[in-house]
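*Asks:* Given two chains presented individually in distinct reference frames, assemble the corresponding complex, making use of the accompanying hints.
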Amino acid sequence: KQEVTQIPAALSVPEGENLVLNCSFTDSAIYNLQWFRQDPGKGLTSLLLIQSSQREQTSGRLNASLDKSSGRSTLYIAASQPGDSATYLCAVITSGTYKYIFGTGTRLKVLA
Amino acid sequence: EAGVAQSPRYKIIEKRQSVAFWCNPISGHATLYWYQQILGQGPKLLIQFQNNGVVDDSQLPKDRFSAERLKGVDSTLKIQPAKLEDSAVYLCASSFGGREIPETEAFFGQGTRLTVV
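Taken in order, these protein sequences are the chains called A and B. Residues 1 to 112 in this note's numbering are what the first sequence spells out, letter by letter. Residues 1 to 117 in this note's numbering are what the second sequence spells out, letter by letter.
Extracted from the complex, chain B is given alone in its bound form (with noise of 0.2 Å):
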């Protein structure tokens, strides 16, 4: 079973630049989560999508942060513009169930490291 890809691995951007992550989840998992971590922090949530709902994003920076999942399956993160503090690893995850089936043991992909310099 293919893992969840994320890609690029690294990034490096100056400060208000605009920048976007592309996340493939599991086949078939129909939630899907977006993390932000911090160096020396653990990951936080920034959005929950199941299928192609959002389930939570309350703590997703809105004026700079937006994110999509079309057709319920891929996922892209992007910020616009960028600030020094957004310099953080950014993982996708997903899992087999949500609200009506919880299956909720996730899976995480590799991330990607944002530099904003």
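The shape of chain A in the complex, shown without the other chains (with noise of 0.2 Å):
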């Protein structure tokens, strides 16, 4: 059965840093593998999804990686902003009936 876990559950950080979101998964036979953005009292914004044959996806300050054989993504975020403040989910999509398995979240706070 697949486990999506994510490190840290919650992250406070001040302004301008660089940081790192954790997610690893226990089946390494996924499909695809997408991060999410979600604010308070809001449905779920897609950030990126990565293919299972890509390694890595950009969109402007973010960044996401993925590793299979390690079952394991990572979602670094430049330079971050207060407006970055929200939770982020990763998902990772099975192989075969195309299901969203989603991890806990990590929510982040960025202190202006």
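Be a bit skeptical, because a hint or two may be false.
Stated by the list, open to error - Straight-line distance between alpha carbons at most 25 Å, and here's what the computed SDA-like set of lysine to any residue pairs gives:
| no. | chain 1 | residue 1 | chain 2 | residue 2 |
| --- | --- | --- | --- | --- |
| 1 | B | LYS44 | B | ASP56 |
| 2 | B | LYS44 | A | ARG37 |
| 3 | B | LYS62 | B | THR76 |
| 4 | B | LYS83 | B | SER27 |
| 5 | B | LYS11 | B | LEU114 |
| 6 | B | LYS44 | A | THR97 |
| 7 | B | LYS44 | A | THR104 |
| 8 | B | LYS78 | B | ASN24 |
| 9 | A | LYS1 | B | ALA20 |
| 10 | B | LYS15 | B | ILE26 |
| 11 | A | LYS68 | B | LYS44 |
| 12 | A | LYS99 | B | ASP56 |
| 13 | A | LYS68 | A | SER46 |
| 14 | A | LYS99 | A | SER52 |
| 15 | A | LYS99 | B | VAL73 |
| 16 | B | LYS44 | A | GLU15 |
| 17 | A | LYS99 | B | ARG16 |
| 18 | B | LYS44 | B | THR76 |
| 19 | A | LYS99 | B | LYS15 |
| 20 | A | LYS42 | B | TRP22 |
| 21 | B | LYS78 | B | ALA88 |
| 22 | A | LYS99 | B | GLU105 |
If you are wondering where the hints come from, they were derived from the structure by calculation, not from laboratory data.
*Replies:* Okay, here's the thing in structure tokens:
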């Protein structure tokens, strides 16, 4: 059974810091992996989708990497801003049924 | 392109009452998902449809939850009777493809926040 874990559960950093959020999964037979952002009381906003054949994806200040063999993905946020404060969720997409399995999220607070 | 629409945004009911949520996916999307997100947790899949067929409902509490996707477009999720532990955000998502066309990127609606008192 696929399990997804995110560390740390919460993180508070001063503005301008570079930071890394971690996601690990137990079954390396995944189809894709996707990172989402969730603001309080809101739905999920897709940040980056990494296909299983890819090693990383970049969008602006965000970079996500994927290492299937070790069951890990990292989301790197450069030069963090208060507007980055949100919960970040990673989800693996299973092969075959294309089901999303989510981690419990990292709650990020960037202090001005 | 319009996103995934959900209604209502908020609902408060008493335990043992019934409630229904509605989802309109992005036009042309074959796959539709319902997720339950309890406060402080990641979303958990309740049911996955491809067109109007069920792909996975293994985590749907079938004694009280039901879902349908008539004509392979809109979907409704119903809870009857509701329990206190059903308090959560219910998220609907859709993606273009399915098993034959695995364009899997899912787009999520704003969710319906249910409070059972």
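*Asks:* Hints numbered earlier in the text: which of these fail when held up against the supplied structure?
*Replies:* Structure breaks hints 4, 9, 10, 16, 17, 19.
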